[in-house]
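Could you put together the complete structure from these sequences and hints?
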Amino acid sequence: MRYLPLTSEDRSGMLAKIGVDQIDALFADIPSNKLLKHLPKLPLHKGELEVERLMGRMSARSVAASSVPFFVGAGAYKHHIPATVDHLIQRSEFLTSYTPYQPEIAQGTLQYLFEFQTQVAALTGMDVANASMYDGSTGCGEAVLMAHRITKRNKAILSGGLHPHYADVVQTLSDMAQAECVTLPPDVVASEDILSQIDNTVSCVVVQTPDFFGNLRDLRAIADKCHANGALLIAVFTEVMSLGLITPPGEMGADIVVGEGQSIGNALNFGGPYVGLFATKSQYVRQMPGRLCGETVDADGTRGFVLTLSTREQHIRRDKATSNICTNSGLCTLAFTIHMSLLGQAGLKRVAEINHANAVKLVDQLSAIKGVSVLNQSFFNEFAVRLPGDAAHIVEQLASRHVMAGVPVSRLLPHAGLDDVVLVANTEVNSDEDRQAFVDALKEVLSC
Amino acid sequence: MGDTKYTKDHEYIRMDGDVAIVGISDYAQSQLGDVVFVELPKLGKTLAKGDEAAVVESVKAASEVYAPVSGEVAEINSALEAQPGAINEDPEGSGWFMKVKLSDPSELAGLMSEADYKAYLASIH
Amino acid sequence: MLNRQGRPTTPGVAAQSEHPTFTGNKALSQIEPLIFETGRLETTGVDYEAPRPFTSRLGGLERQSEIGLPGLSEPEAMRHYVRLSQKNYGIDTGLFPLGSCTMKHNPRLNEKIARMPGFSDVHPLQPVSTIQGALEVMHTLSHWLMELTGMDAVALSPKAGAHGELCGMMAIKAAIAAKGESATRNVVLVPDSAHGTNPATAALIHFIVKPVPVREDGTVDPAVVASLAGPDTAAIMLTNPNTCGLFEKDVVAIADAIHAAGGYFYADGANFNAIVGKARPGDLGVDAMHINLHKTFSTPHGGGGPGAGPVVLSELLAPFAPVPFVRHTEVGFELVESEADAANHGAHAFGRMTAFHGQMGMYVRALSYMLSHGADGLRQASEDAVLNANYVRACLADLMSLPFGNRPCMHEVLFDDAWLKDTGVTTLDFAKAMIDEGYHPMTVYFPLVVHGAMLIEPTESESRASLDLFIATLRDLAMSVKRGETERFTGAPYHAPVRRMDETRAARNPILKYTPPQAALEAAE
Numbered sequence: 000m001r002y003l004p005l006t007s008e009d010r011s012g013m014l015a016k017i018g019v020d021q022i023d024a025l026f027a028d029i030p031s032n033k034l035l036k037h038l039p040k041l042p043l044h045k046g047e048l049e050v051e052r053l054m055g056r057m058s059a060r061s062v063a064a065s066s067v068p069f070f071v072g073a074g075a076y077k078h079h080i081p082a083t084v085d086h087l088i089q090r091s092e093f094l095t096s097y098t099p100y101q102p103e104i105a106q107g108t109l110q111y112l113f114e115f116q117t118q119v120a121a122l123t124g125m126d127v128a129n130a131s132m133y134d135g136s137t138g139c140g141e142a143v144l145m146a147h148r149i150t151k152r153n154k155a156i157l158s159g160g161l162h163p164h165y166a167d168v169v170q171t172l173s174d175m176a177q178a179e180c181v182t183l184p185p186d187v188v189a190s191e192d193i194l195s196q197i198d199n200t201v202s203c204v205v206v207q208t209p210d211f212f213g214n215l216r217d218l219r220a221i222a223d224k225c226h227a228n229g230a231l232l233i234a235v236f237t238e239v240m241s242l243g244l245i246t247p248p249g250e251m252g253a254d255i256v257v258g259e260g261q262s263i264g265n266a267l268n269f270g271g272p273y274v275g276l277f278a279t280k281s282q283y284v285r286q287m288p289g290r291l292c293g294e295t296v297d298a299d300g301t302r303g304f305v306l307t308l309s310t311r312e313q314h315i316r317r318d319k320a321t322s323n324i325c326t327n328s329g330l331c332t333l334a335f336t337i338h339m340s341l342l343g344q345a346g347l348k349r350v351a352e353i354n355h356a357n358a359v360k361l362v363d364q365l366s367a368i369k370g371v372s373v374l375n376q377s378f379f380n381e382f383a384v385r386l387p388g389d390a391a392h393i394v395e396q397l398a399s400r401h402v403m404a405g406v407p408v409s410r411l412l413p414h415a416g417l418d419d420v421v422l423v424a425n426t427e428v429n430s431d432e433d434r435q436a437f438v439d440a441l442k443e444v445l446s447c
Numbered sequence: 000m001g002d003t004k005y006t007k008d009h010e011y012i013r014m015d016g017d018v019a020i021v022g023i024s025d026y027a028q029s030q031l032g033d034v035v036f037v038e039l040p041k042l043g044k045t046l047a048k049g050d051e052a053a054v055v056e057s058v059k060a061a062s063e064v065y066a067p068v069s070g071e072v073a074e075i076n077s078a079l080e081a082q083p084g085a086i087n088e089d090p091e092g093s094g095w096f097m098k099v100k101l102s103d104p105s106e107l108a109g110l111m112s113e114a115d116y117k118a119y120l121a122s123i124h
Numbered sequence: 000m001l002n003r004q005g006r007p008t009t010p011g012v013a014a015q016s017e018h019p020t021f022t023g024n025k026a027l028s029q030i031e032p033l034i035f036e037t038g039r040l041e042t043t044g045v046d047y048e049a050p051r052p053f054t055s056r057l058g059g060l061e062r063q064s065e066i067g068l069p070g071l072s073e074p075e076a077m078r079h080y081v082r083l084s085q086k087n088y089g090i091d092t093g094l095f096p097l098g099s100c101t102m103k104h105n106p107r108l109n110e111k112i113a114r115m116p117g118f119s120d121v122h123p124l125q126p127v128s129t130i131q132g133a134l135e136v137m138h139t140l141s142h143w144l145m146e147l148t149g150m151d152a153v154a155l156s157p158k159a160g161a162h163g164e165l166c167g168m169m170a171i172k173a174a175i176a177a178k179g180e181s182a183t184r185n186v187v188l189v190p191d192s193a194h195g196t197n198p199a200t201a202a203l204i205h206f207i208v209k210p211v212p213v214r215e216d217g218t219v220d221p222a223v224v225a226s227l228a229g230p231d232t233a234a235i236m237l238t239n240p241n242t243c244g245l246f247e248k249d250v251v252a253i254a255d256a257i258h259a260a261g262g263y264f265y266a267d268g269a270n271f272n273a274i275v276g277k278a279r280p281g282d283l284g285v286d287a288m289h290i291n292l293h294k295t296f297s298t299p300h301g302g303g304g305p306g307a308g309p310v311v312l313s314e315l316l317a318p319f320a321p322v323p324f325v326r327h328t329e330v331g332f333e334l335v336e337s338e339a340d341a342a343n344h345g346a347h348a349f350g351r352m353t354a355f356h357g358q359m360g361m362y363v364r365a366l367s368y369m370l371s372h373g374a375d376g377l378r379q380a381s382e383d384a385v386l387n388a389n390y391v392r393a394c395l396a397d398l399m400s401l402p403f404g405n406r407p408c409m410h411e412v413l414f415d416d417a418w419l420k421d422t423g424v425t426t427l428d429f430a431k432a433m434i435d436e437g438y439h440p441m442t443v444y445f446p447l448v449v450h451g452a453m454l455i456e457p458t459e460s461e462s463r464a465s466l467d468l469f470i471a472t473l474r475d476l477a478m479s480v481k482r483g484e485t486e487r488f489t490g491a492p493y494h495a496p497v498r499r500m501d502e503t504r505a506a507r508n509p510i511l512k513y514t515p516p517q518a519a520l521e522a523a524e
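Chains as they are written, first to last, in numbering that gives the first Met the number 0: chain R, 0 to 447; chain V, 0 to 124; chain H, 0 to 524.
Just so you know, these hints were derived from the structure itself, not from any lab. Predicted, not measured: the structure shown is a model, and the values here were computed from it. We treat Cβ as the ideally placed atom computed from N, Cα and C, and that holds for glycine. Hints are supplied without guarantee of correctness; some may be wrong.
Stated by the list, open to error - With a Cα cut of at most 16 Å, we get these calculated EDC-like pairs of lysine to aspartate or glutamate:
1) H:Lys248 with R:Glu443
2) R:Lys33 with R:Glu47
3) R:Lys319 with H:Asp191
4) R:Lys40 with H:Asp428
To be verified - So, partial list: chain R residues that the calculated Cβ filter (under 7 Å) puts toward chain H:
5) Val181
6) Thr182
7) Ile324
Written out as structure tokens, the structure is:
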């Protein structure tokens, strides 16, 4: 077996040194009637060639985003990632290292985490950011629990523009943690009255911008009302690229900002692993979940970095920890940081402009099709389109014509009466030809 | 100044006029290591004996500080927030945590004297 | 013309003392500033043409402020991150005996496969007809996990071990609610030796944590469990093999005691790598167990993540598994994504753990690892991991102290600091001295039930020669301690990219992001 260096001679020699005559003597604590006498009913070992062939066949049974005009978004986005990113994250010293508990031999990881925290704080317009969460949705759940700790209340109001999976994650966590969670009805055109929900029993209000339907939301009035009532505003985003072009939540009064960072540095990966971004105001840092990296000096006075404020965490606080989180998204964080370092603010702004420009073009093209209407007043790179028919059905038909048109809203909100609405995303990867292919195919499907 | 009494959780308490000064013992600070953060109770808070009164944190450890007696928090050592190192340097002096107005002075009798505490420390090692 | 200019080919005269350098660099060890100190605001390492003029539709929410993040050209970025990488220790650098974390070899085949377009370049919300291969991976992985654990169902979506714990405990909470016992059954028993995530998880969803003391031999006593269990018991969370590196020999009696009280048995599967192919948790009475794909099945730790923590469930808990899950039907694979849809299939899903379907990138790597090893290789890997740990134990038992006696361990061996008493050297010092010798330290100060713990997990990836050198090194260090050469330890590391870090300073005055010197000055005023 190519991964196991011990030879049978090694094994017998080592058993002799240990002082036992056979390997099962070392498993003597397993009750003998529970020790497996036979191998599990699974195939035996395989060479690289065979494994690659088997997995390659499975890979071939899915349609890759790059192989078709691709407009699917709704919380995960297809972007161009510079080749440098994937090369660097595969360096052994990054890929095969552990959580930097021994800072003297983990300055590489610690320094990029410090860079990451700085980048996330700047993008979101907040004071501090942590070293990442599993993804945006779980980060959202943690943000709500953090708000409960700070306000000592336990009622969250979720906007109807919040990604339904995020709302489900918060709802599940709230149910289990015996907290109250009020989710407003799906809010396609950002017209909900969330202000009237805010009173002095509310712990936090969770609002997404750009929202699930692509609308941009001004958070200032919501922040003001929250603060007047002793509540916190949690701002959510699922498309981090938007922060290159729009007013960051921190400048609109958000207390906690949480979102999905996948768009920068990370591939679609069928939904994971991704990287949750989590930022807040300085005064709440001790209530934050997750790891934090901080600057310090070594015994010679040289600058260096360490994990810090660990007493918030499970390995010290145990049942009194701010969260049970242990793992973060290390390597995805690195991918984010490298891509963001390549972009810089100039590159990010440019890519964001292209995303928006492409979306504007497609909105105009789709709106010109008879029976098709775009519902958004504002958007970044994604918008909601009303079709003259069942959106899921039309998306399937378009897929069979090799166009991935978007996400039918009914897939995430099955009973919302939005069966004719599809979410369409358009990033820098979509060319004019892609958009034309979409428009042509849609016209064809609708005329059938 | 009265005698200093100790608890098994390594808090000390010393009467100072009509209030009692509460902190953690020299042994406790040496076990925790460099203290980096303290969370003190709110002024005026009523504590029952054994209540969690404060939290003290070092880099790698955190510990609750329990009220050794019942009473009301009359004063807190706010200087610790900026200078938590005082707990390491002078735990029974400038590293005090809070002053408590006792609601039941007889509770003091149940605590260990300095000699008893030393014997207790020897016994747990 | 011939080259007639010879040059010296033997070493010149060298002084023995330190040679400070002008740059502060030491050959391959380079000082690397932060990107914010070298990058420029107008620089970017990507080339995109500006879009043609258009009217934006941002609803008046255009960004007004500068972001304030500099960019790097591609060569600068490449060099920056390569230099950072050189300050890190990884499994590929050397033996990484970090107990409980399972730093085994990460096959690069798995990286290659994870990047196949049908896995890396598919969107979680594409039409199901276009993601059959991805669903097949999930389905196949589930099958392997169920076979290896002897359990009835799998919830794949948890993002990491602790998230898997949360998922398993939520399933237990849902099952208790379904029986109408929510109000009364709310205590979770957690042994003192448990990972910190266990009590943190239980507390997160409002269970009351009741500690279970560990007996003299480092394991849990079923009689103690029986005495603590009652009608208020929701579950026990037991790590097996436990964090002392011992198999809980009374696990069946413990399971029986919990079940007799009407509670559930949650197993922390962090150490499953010791018993794959040797014993099945399902045969031991387990109701739920998470599996760290990044430990047992070798998906890279990546400097702290991403992980993946699928949860296997017993027949009793299976109906409560969260969405989504994959079904295999005559027409292919389908994805059950909502609780309502789950109900159509007779399930009572308790909710959703995460957006989308979990850590696909990790599923692919873990499955490829399993296919490579096969049933025989997986069992051999467990046996070799246990053999290696016991070999280390046998070769060090005379110099270092074993808190539970010199008896067989599982995949990791636990020493304490009794042997360091009165030497002036602490567990931490000893660990730091290992860095100078080119090793990553073992896990230190965990588990908490042992004083000054040193938990060594060599894994099956080490050859005998590698172990022999490691053992010889630890023996040399131990002898050095005993000879009173304390400076070798208390000042260590001497040869790492940085010296020992001041963690107190970092915690007392947290600096959590870069602030430009001018702004820092203004903030201080």
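(message) So if I understand the rule, the pair passes when the alpha-carbon distance is 16 Å or less; does R:Lys33 with R:Glu47 pass?
(response) With a Cα-Cα distance of about 33 Å, the restraint between R:Lys33 and R:Glu47 is violated, given a limit of 16 Å.
(request) Could you grab the alpha-carbon distance between H:Lys248 and R:Glu443 and see if it respects the 16 Å cut-off? (result) violated (68 Å)
(request) Sort out whether H:Asp191 lies within 16 Å of R:Lys319, counting only the CA atoms. (result) At roughly 15 Å apart (the allowed maximum being 16 Å), H:Asp191 and R:Lys319 satisfy the hint.
(message) Against the 16 Å threshold, does the CA-CA distance of R:Lys40 and H:Asp428 hold or violate the hint?
(response) Not satisfied, since the Cα-Cα distance of roughly 47 Å exceeds 16 Å.
(request) Could you check if R:Thr182 really has its C-beta closer than 7 Å to a C-beta on chain H? (result) violated (13 Å)
(message) Next item in the hint list is R:Ile324. Is there a CB on chain H closer than 7 Å to its CB?
(response) At about 6 Å, which falls below the 7 Å cut-off, the nearest Cβ of chain H leaves the hint on R:Ile324 intact, so it holds.
(request) Identify whether the interface hint at R:Val181 stands, where standing means a beta carbon of chain H within less than 7 Å of its own. (result) violated (16 Å)
Violated hints for the displayed structure, listed by number in ascending order: 1, 2, 4, 5, 6.
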